[in-house]
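> As a plain string of letters, each chain reads:
There are 2 protein chains.
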Amino acid sequence: MRVSFDELKKLLKAIMIRFSFDERKAEVCADIFASNSRDGVYSHGLNRFPVFIDYVRKGLIHPNGELSLVKKYGQVEVYDGQTGPGMYNASVCTSRAVILAKENGIGCVTVRNNNHWMRGGTYGWQAADAGCIAICFTNAIAGMPPWGGKDARLGNNPLVIAVPRKEGNLVLDMAMSQYSYGKMQEYEWSKQPLPFAGGFDESGNLSHDPAMIRRLKTALPIGFWKGSGLAFMLDIVLTALGGGKSTAEITGSGNEIGLSQTFICIYQQDLHQALTEKIIEFTKTSTRTNRDSPVRYPGENTLATRIKNMREGIPVNQETWEAVKKMME
Amino acid sequence: MRVSFDELKKLLKAIMIRFSFDERKAEVCADIFASNSRDGVYSHGLNRFPVFIDYVRKGLIHPNGELSLVKKYGQVEVYDGQTGPGMYNASVCTSRAVILAKENGIGCVTVRNNNHWMRGGTYGWQAADAGCIAICFTNAIAGMPPWGGKDARLGNNPLVIAVPRKEGNLVLDMAMSQYSYGKMQEYEWSKQPLPFAGGFDESGNLSHDPAMIRRLKTALPIGFWKGSGLAFMLDIVLTALGGGKSTAEITGSGNEIGLSQTFICIYQQDLHQALTEKIIEFTKTSTRTNRDSPVRYPGENTLATRIKNMREGIPVNQETWEAVKKMME
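Chains as they are written, first to last, in our numbering: chain A, 201 to 529; chain B, 201 to 529.
Hints are computed from structural coordinates only; laboratory data are not their basis.
It is possible that part of the hints are untrue.
Any copy, or any two copies together, can satisfy a pair, since identical chains are not distinguished.
Derived lysine-lysine pairs resembling DSSO-like cross-links, with alpha carbons at most 27 angstroms apart [stated by the list, open to error]:
1) Lys526 <-> Lys302
2) Lys271 <-> Lys302
3) Lys391 <-> Lys508
4) Lys302 <-> Lys272
5) Lys210 <-> Lys525
6) Lys525 <-> Lys508
7) Lys478 <-> Lys366
8) Lys383 <-> Lys508
9) Lys350 <-> Lys271
10) Lys350 <-> Lys484
Given these sequences and hints, build the entire structure.
Now the structure itself:
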């Protein structure tokens, strides 16, 4: 079944208000959840909402946790998220980085002790819509072994890079694991092997078996040693800047809460869009491997899905939809 | 054979002065070439020097090309490299980004119309030695197909992330291709297949054959669609900020010259080194896949090689060494 964006957002907002979120936080969070579903990132939209509310119930997410400034040096600021709603805090941090960038060319905001920001792309789109280039990243609970090791020690630590563009922003939103755990679960449930190796078996050999990889928490870093190094360094930068919990400490706590995130925004009046168009054009002239699958730029599918879902309604799992509606009863 | 760092640097500097570099530029460039060999990055040290001088001879690198400021908005500056020596310009841009960061927390310097910076790690080490976190990247001539395409449209666009650390900086220096063309050449010459798929064959299937991949220019982006997206976005950011040549235009020109590079430095007095140490410690506790190969942090091997090569001398290919010495005759 499909529901409209407004209907979805309205329901989620009402539930959040019922769970003690103030009007402003409920508005922003509901908008982000609904937008994630609208953009086709179903894993971090409505489908994730019950887990989010469960964390609120358990006291792991504090509806009234407010960002507080820890330190400021010039264009670099650090906040404590007070384990408030992660996507709300991340959105405020993005706005702040945009302001710093517009004032002085570039700004960097780090938040520690925050919760999961859901879909990283949210903040890339937000910054790009505000006219800024953005580089954002978060840490996460360990789910990948470092290169040369067998046990999970690295988070998938998503990285977002966004550049404004009139005809549709360019937004890359990528975790450091070849497949997300959510994607591997889909393969497991449909009893399909992964199309490419997605992790390791007990002996450290590459595996296409989603069930085994999920059980062992041995997701494969993209590019083997390279994604391992990149995930490690993002966690180091986050922790060095924010002084908050690293993947080590998050993993030790057993819950994926109290995360660290950094938002770098850059503003320049002229972003040379004509040159950007040439890059897109050049990239798309590569002969297709599969005649029916065009080469796409990061963000192209998102925009197409958004337009379709705004027109036709957002596809929702009926069971989930009914279960979430019950939260209002 | 092995030569000392000082001997290597002295020779390269003398040759550069002979090729019309002024004393300061020759000093910096020779130091970078010699340091790259010293740190074990032989492909971008002495071994690359003859190609560098060949480019000077052909007028592709201008010994006296001076950086000139194109625009400045707050902490963001753009320079034109006037096709001067790439590693010199990159080093000056790094110094400038460090100054901006120390003044105001963060600085971003982009150079367009520069030449190859050789080893990206150079600028990560430089910034970290100066107490800054650094994120630097460059574009390059096309050598990888975008995901879904068969023809090279993306540069390997190396990304560097560095964080200062007393016991040895953390420095990641990674290109977006699974293997560099230099590394694939080594496998080809020793008639070995690549240990992991490193590119595509004519039909777009994954291949371990270094000769074919080199011929077709179909190096594999790390993580397939992910590295493809990341390489694309780095080129977009570089071009949007600098207004210089993108991979499209570099590739069109036929020579890997006139590149774009961005250097972001961040300064904070307290980088929470105790927390950084915990991350390293936690990562290293992952059970080893191979008992004799410890899990290493990015930069760990570099530092070990540096110490060894400073003590024992830098290994050089005798033929290359003699050929370079002949440049003084």
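> Please sort Lys271 with Lys302 into within, between, both or neither, judging by C-alpha distance up to 27 angstroms.
Both. Shortest intra-copy (20 angstroms) and inter-copy (15 angstroms) distances satisfy the 27 angstroms Cα cut-off.
> With identical chains treated as interchangeable, where does the CA-CA distance between Lys526 and Lys302 reach 27 angstroms or less: within a copy, between copies, both, or neither?
neither (44 angstroms within a copy, 54 angstroms between copies)
> How do Lys210 and Lys525 come out at 27 angstroms by Cα distance, when the copy is not named: within, between, both, or neither?
within (11 angstroms within a copy, 75 angstroms between copies)
> With identical chains, the pair Lys525 and Lys508 could be close in the same copy or across copies; at 27 angstroms between alpha carbons, which is it: within, between, both, or neither?
Within one copy only: 24 angstroms inside, 66 angstroms across.
> Could you place Lys302 and Lys272 in one of the four classes (within, between, both, neither) given a Cα distance threshold of 27 angstroms?
both (17 angstroms within a copy, 13 angstroms between copies)
> If the cutoff is 27 angstroms on CA atoms, where do Lys350 and Lys271 land: within, between, both or neither? Let me know, please.
Result: close neither inside a copy nor across copies, 38 angstroms intra and 49 angstroms inter.
> Classify it for me, Lys478 with Lys366: is the Cα-Cα distance of at most 27 angstroms met within a copy, between copies, both or neither?
within (14 angstroms within a copy, 44 angstroms between copies)
> Within a copy, between copies, both or neither: which one fits Lys383 and Lys508 at a CA-CA cutoff of 27 angstroms?
Intra 22 angstroms, inter 45 angstroms, cutoff 27 angstroms: intra-copy only.
> As a check of your reading, is Lys350 near Lys484 (CA-CA no more than 27 angstroms) within one copy, between copies, both or neither?
between (39 angstroms within a copy, 11 angstroms between copies)
> How would you classify Lys391 and Lys508 at a CA-CA limit of 27 angstroms: within, between, both, or neither?
Intra 29 angstroms, inter 51 angstroms, cutoff 27 angstroms: neither.
Hint compliance for this structure: hints 1, 3 and 9 are broken, all remaining hints hold.
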